[in-house]
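Residue numbers (the working numbering), protein chains in the order written: chain A, 1 to 436; chain B, 1 to 436; chain C, 1 to 436; chain D, 1 to 436.
Some clues are possibly wrong.
[Unchecked claim] When the alpha-carbon atoms are kept at most 25 Å apart in a straight line, the in silico DSS-like pairs for lysine-lysine are as follows: (1) C:K221 with D:K417; (2) C:K269 with C:K105; (3) B:K161 with D:K161; (4) D:K329 with A:K329; (5) B:K166 with A:K417; (6) D:K269 with C:K417; (7) B:K269 with A:K105; (8) D:K26 with D:K303; (9) A:K269 with B:K303; (10) D:K26 with C:K417; (11) D:K47 with D:K329; (12) D:K161 with C:K417; (13) C:K269 with D:K222; (14) B:K26 with B:K269; (15) A:K61 with A:K3; (16) D:K417 with C:K269.
[As the list claims (entries may be wrong)] Only some residues are given here: those of chain D computed to face chain C with a beta carbon under 7 Å: (17) F235; (18) H369; (19) A373; (20) G376; (21) L401.
Keep in mind the hints are simulated off the structure, nothing from the lab. Please read all numbers here as calculations on a predicted model, not as lab measurements. All C-beta atoms in this analysis are idealised placements derived from N, C-alpha and C, irrespective of residue type, glycine included.
Listed below are the residues making up each chain.
4 protein chains.
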Amino acid sequence: MTKSLKLAIIGGGSSYTPELIEGVLKRLDHLPVTEMHFVDIEAGQHKLDIVAALARRMVEKVGANIEINASLDRRAAIQNADFVMTQFRVGGLQARANDEQIPLKYDVIGQETTGPGGFAKALRTIPVILDICQDIEALAPDAWMLNFTNPAGVVTEAIQKYSRVKTIGLCNVPVSMQMMIAEMMSCPPDQLSLECIGLNHLVWAHRAWIGGQDVTAEVLKKVGDGQNFSMNNIFEEPWDPDFLNALGAIPCPYHRYYYQVDAMLAEEKASALEGGTRAQQVMETEAELFELYSDENLAEKPKQLESRGGAYYSDASLNLVDAIYNDRKTIHVVNVPNNGTISSLDDDAVIECSAVVGSWGVRPLAVGHLSPAITGLIHQVKAYEQLTIEAAVEGSYDKALMALASNPLVPDITRAKAILDDILRTNDDYLPYFSR
Amino acid sequence: MTKSLKLAIIGGGSSYTPELIEGVLKRLDHLPVTEMHFVDIEAGQHKLDIVAALARRMVEKVGANIEINASLDRRAAIQNADFVMTQFRVGGLQARANDEQIPLKYDVIGQETTGPGGFAKALRTIPVILDICQDIEALAPDAWMLNFTNPAGVVTEAIQKYSRVKTIGLCNVPVSMQMMIAEMMSCPPDQLSLECIGLNHLVWAHRAWIGGQDVTAEVLKKVGDGQNFSMNNIFEEPWDPDFLNALGAIPCPYHRYYYQVDAMLAEEKASALEGGTRAQQVMETEAELFELYSDENLAEKPKQLESRGGAYYSDASLNLVDAIYNDRKTIHVVNVPNNGTISSLDDDAVIECSAVVGSWGVRPLAVGHLSPAITGLIHQVKAYEQLTIEAAVEGSYDKALMALASNPLVPDITRAKAILDDILRTNDDYLPYFSR
Amino acid sequence: MTKSLKLAIIGGGSSYTPELIEGVLKRLDHLPVTEMHFVDIEAGQHKLDIVAALARRMVEKVGANIEINASLDRRAAIQNADFVMTQFRVGGLQARANDEQIPLKYDVIGQETTGPGGFAKALRTIPVILDICQDIEALAPDAWMLNFTNPAGVVTEAIQKYSRVKTIGLCNVPVSMQMMIAEMMSCPPDQLSLECIGLNHLVWAHRAWIGGQDVTAEVLKKVGDGQNFSMNNIFEEPWDPDFLNALGAIPCPYHRYYYQVDAMLAEEKASALEGGTRAQQVMETEAELFELYSDENLAEKPKQLESRGGAYYSDASLNLVDAIYNDRKTIHVVNVPNNGTISSLDDDAVIECSAVVGSWGVRPLAVGHLSPAITGLIHQVKAYEQLTIEAAVEGSYDKALMALASNPLVPDITRAKAILDDILRTNDDYLPYFSR
Amino acid sequence: MTKSLKLAIIGGGSSYTPELIEGVLKRLDHLPVTEMHFVDIEAGQHKLDIVAALARRMVEKVGANIEINASLDRRAAIQNADFVMTQFRVGGLQARANDEQIPLKYDVIGQETTGPGGFAKALRTIPVILDICQDIEALAPDAWMLNFTNPAGVVTEAIQKYSRVKTIGLCNVPVSMQMMIAEMMSCPPDQLSLECIGLNHLVWAHRAWIGGQDVTAEVLKKVGDGQNFSMNNIFEEPWDPDFLNALGAIPCPYHRYYYQVDAMLAEEKASALEGGTRAQQVMETEAELFELYSDENLAEKPKQLESRGGAYYSDASLNLVDAIYNDRKTIHVVNVPNNGTISSLDDDAVIECSAVVGSWGVRPLAVGHLSPAITGLIHQVKAYEQLTIEAAVEGSYDKALMALASNPLVPDITRAKAILDDILRTNDDYLPYFSR
């Protein structure tokens, strides 16, 4: 690898970006970053300018030698990049608000990454990301693309199947689980080993170990007893201890949408009546954040960013950069092709799992036997995901309908069809290739 | 094979039995049946007597030379039998009524073979059938067991995994589909070829052929246009043409419980308010039938039996006997171990599929690529089925909870647990090995 | 299907053709053949003329209404054909003689379809057959191609992977096994059921059944006791009874090349010294046959053809035509994609197996568990086959070397390389796309 | 884990043991070994005493606090051990001499771990090691068993399938490859990453990486150019550069027995004529070593041990102890159940592969697509291995015959049977459970 690193950040005007900059600055002794190029679309120019200015102030404050570029020129950003990071949102927060609201009209979970909301996001995102991948193939064919764009598993599988870009999908959920479980077990995070397996936002810590002891049952007991095990942006519906015991694996916070449908739907509906959807709350937070970022005296990541829900986001991605660049061969939880890890699943299906990361890339760890309770749900959701990818790439109404009808959060095909038609209508601008 | 055939019918006092007797009498030129032994439990003595007397009158009328035995002695019935047929119902129609009513209390589909109802039936049935299998292993080890006992797929898989009995699971749904589709295509049933694949009561006619032409799309169009495609005992909610077109495979009538949950649940609730559950209606029909059977002048199957919902039941099982005994190597749709037919599924998972049947047994036909929309649902339901079998065999509350939580008709674990507790309470008498 | 059938026979000038014509004439009541178009290359014009004239006399003799065409115009032959049959030999019998002689120089089995000889034949044949397939795709896209061209399994897999033609690979070995085993068991052939599985010329009758009884052990005992179990064109080295008993499955005659290498190689070397290779013997037989065919008084298949070694060749292919055209759904042993039949093998690997054939095509029968002794060899030979196909299609020396090195009949890579170089030199005219 | 470690060494009287002791003494800062118990059989008492005395002198010299026990009491050695290491040889070097000589009589490779020699060793070893495992299950159920006993892959699979002992199979070949390749690439060993995959003594470095660059082709070029790439105990037949290039993966030294049969067999025969087999040479070396070990002034591992052929043996096993005890999560090449790593192979087939080792055990790394040239040979050899295990456990002549007939080094069943009968006769004393 080169001795200097260029990072390209697609969707650089995101409110999360200061966290990424802070992460880079903390790691300069082992990550020789010399250029960061933030790129965004025209509608994001203003935010991009604010973020770039803050970045320059942050770099200057610590006296680092990093060139900060910000532009609407995606190809310039990608050219010769060592790592391309994606964190954009097609349609912005308004599209997210729609994704959350539409399903609720039909008494179905409205969530930005799972269920019909995640489906709509995937339809909007896949064509754009495949377009970006063509630029990477042409301009930085050896670059690693670290994809944070949600639904991260679906998007990563689309990239793996329809481009030659080296990509790894990433999510902050597994890191958060590591931190929360370590805290409840009163153990340093690096002494807790989680064997994670599943799909993005449907990942189980199949087994938890401390010092060679399997502590899974103990962790489940604590979670069942009500210890904190949620993330900022997910309603913390308590877990039933009997269910956790029967499951025998630690669910991720997002599993509530699959297992505790009634309570989660009720909460979403109540909360939509009160304060609007999660997207609407985020819009307010964002406005406040950009207000802060604009302060010319600010030269560091403001504390308030943490309430935004993206904890460990920067750490997850920069630790991956570190593992690749410095050939660490450390274990990370990532989204990569299955390749036999879950033996009944196709080799090219993207899963989220514990994997060793080094300069040669990512190698999932074998996981052995899984309960049918886990593999059954994985197969069902993967079927939804693969149909969604095909629908997005082919612009096929039929595939889209079967995708939604296969999603376990959509209990009925009549509702599936009504929701699909509503999504297609509402997202008309972003689905030009989509035809009925 | 022997030149004379003994059939043992477990649950011989069933109201369906006259149809079976009629079927045997029709086939005497190629099936040399010389003994039929009907066996039942003490509570069924009265019905058994009525059925046996009718059987004797029917045999006498056609001048056949068949010994009719009826007893409570299961071992005597099984001893040296060539074929053992099972059609019993643990707990009788009252248990079925419970199976249908309990889920409705929790706004969940109440059906005797799918969802929580079928789950309860499996828990009651599996220990009994494995007990019968021990008798067969000891007293008629070469006998073929034809299992009609529902949920037929689950029960057949339990037998395959926990006994050495040669068994084939059987259902009248695929035969009915063959008949209904042939009728709507105005083609003789034997000129229509359906490639059936899936699980019991979750089987698709993956492709339909007439004269070497793939007519699947045409059939789907007719079904979508409202042609009759339901069975006597399932509410005929119309199918959405767009959905059928997107699915690209012909669903079975029971698929309505998975795809059209809202309408089916609404109908069940309405109908429960009006006329009681399906079980209650059946109890009335049965009473009427046995009234008829008792008529000493009756020496044939009464027409009224057909309204009972078991069309083609006798044909399905006796055609199988014929295929085995006479080495026909004809194609039947049966429940047998997968053995690679659906390549992502375990070899020992029982599936329902088109298979060749001869004197050497059953060989499924390879089916090739299936859409994720089909395999996803199969994996999810098979996970439920396998957990159910383990729960029944081990008497495990945890496995039972995970089974119900994995069933796609049970949308939420809180309801899953409430339903499970209700089922265990209500079926206490039939689940002696079950412990919490 | 149409009410009249056109057959196109590629390599129509073969000495086997009269058998095919006889087969057609025997089946006219259920196969309405109205046209047979024999096509060959320029070098075969003379033989083609002789065969066509004989065909016309045979047709006339029975008063059939079949148009006999013979030409060098492949496209005319294929145009609108219902079935295309291939039986050509690239390079003719001289190429076969080379295939048999080259390996012997290196102390390796020299055989026209297995080992290095079959490899050379595959390299010559695959480009030609894929070219033919392009014509079929364009001119008769609904036609079935019945491929007899050896190595039939390799060639069929190449067609399946690199064209869209509907094809079935066919061989007379399984039919011959059926006949020989029936004879030794003194049972009518149609009452013997063989479950065949493996690869072409590496096929086992995994189990043999008569009247529902597994008679595999009995058959093995008879074969071990020296009963005739060979084919005209394979040296009848006796089988060791202990080995057969340990194997527990009935090997095909060609298995001798894999299991009895020493004896087969010794015989080949002795026989090459005496009477020349098998190809040289066949050339003499052929010359005699064409002498006979030229007789203007001959209007039927001459008896002498039977000594040519292609017994049942015509029956095997015309029974397949019958099964497809008349939707017989009968069981045949054919070469088709695996699709889960051998569960550890890729779905698109072509295997030779018992399968049901009807108007919708071919569906292999599930076979269940196989001994590692069988699957190990299948995997090894399939690896050789797949590398051979890739070598032929890509013209890759590396793939060709790995193919030969992976063939179990080639015990050493130094010899593999020497043989490969010899084959490439000798077959230079037929391997234009092949580069080093 | 405990704060003090007990090691049990089965076959403690081996001439290798001083290397192990040295390895322990080097690692005392992070491996708190407080007891080593060497155990051997009665015939080995003399050697055991010599080794134990040397061990005590070595421990004393560095002032370590380690209790050295030596006894014939296997149960005492195993009781409460943390790690059990096996390095015994049933039948001693005389049995090895037989293993090497018998096959040569039939013109077949005679080698102690592959081919018929390894087969004979497996038959002798498996019953003994399963007996040891019963002791471990009873007396040290949490202990890790590190199995060096050859054939290590076969023996490890037998343990995995027929006991509940936690075991890892180990070999010094992959470590040696790492060292040799690093040397030829002039790179520190820890900067070279090999992705190893295959079976024991049939392992390929599928890909080699330095600093994120795939250097496989470069390594192959150097090996083809004649750079040292062999081990002390294997004849260094040069590799053909064209073959290596076509293979595209780095073979292990033992691959010469499969790929370069002619040269290896010729060398073995020549060498047997001259200096006796390898076993006979080793006997001499051993006698010299024990002479040295007996010297009461010796208190360290003598340099001469290195010529014995077991380079890195101690490092390989103690690095594994370290990785487990200290939860290093480092990558080692070990023999463990496949679990999807090679997707066409059974989950419970033991493979040799790169894997992460931590306090929770071993997790293989996914390896992705492999060439058929690799998987074909793996399947063939695994078939041999699995039949060998079944033969050993069941004492089955039939399975033994099929095992040998399936071994690619045995080209013919007549020879397979002759060799088998010779092996059974010669090893009569060690195969009490074996019956014909």
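Okay, the hints, checked on the actual structure:
1. C:K221 with D:K417: 18 Å, holds
2. C:K269 with C:K105: Between C:K269 and C:K105 the Cα gap is close to 9 Å, so the pair holds against 25 Å.
3. B:K161 with D:K161: 20 Å, holds
4. D:K329 with A:K329: 9 Å, holds
5. B:K166 with A:K417: 45 Å, violated
6. D:K269 with C:K417: 24 Å, holds
7. B:K269 with A:K105: 23 Å, holds
8. D:K26 with D:K303: Holds, because 16 Å separates the two Cα atoms, which is no more than 25 Å.
9. A:K269 with B:K303: 54 Å, violated
10. D:K26 with C:K417: Violated - the C-alpha atoms of C:K417 and D:K26 are around 49 Å apart, more than 25 Å.
11. D:K47 with D:K329: Violated. D:K47 to D:K329 sits at ~37 Å, over the 25 Å cutoff.
12. D:K161 with C:K417: 40 Å, violated
13. C:K269 with D:K222: 40 Å, violated
14. B:K26 with B:K269: 42 Å, violated
15. A:K61 with A:K3: Judged against 25 Å, a Cα distance of about 23 Å means the pair holds.
16. D:K417 with C:K269: 24 Å, holds
17. F235: 15 Å, violated
18. H369: 11 Å, violated
19. A373: Cβ of D:A373 sits 4 Å from chain C, so the hint holds.
20. G376: Nearest chain C Cβ about 2 Å off; hint holds.
21. L401: For D:L401, the interface hint holds, since the closest Cβ of chain C sits about 4 Å away, which is under 7 Å.
When the structure is compared with the earlier hints, violations turn up for hints 5, 9, 10, 11, 12, 13, 14, 17, 18 and for no others.
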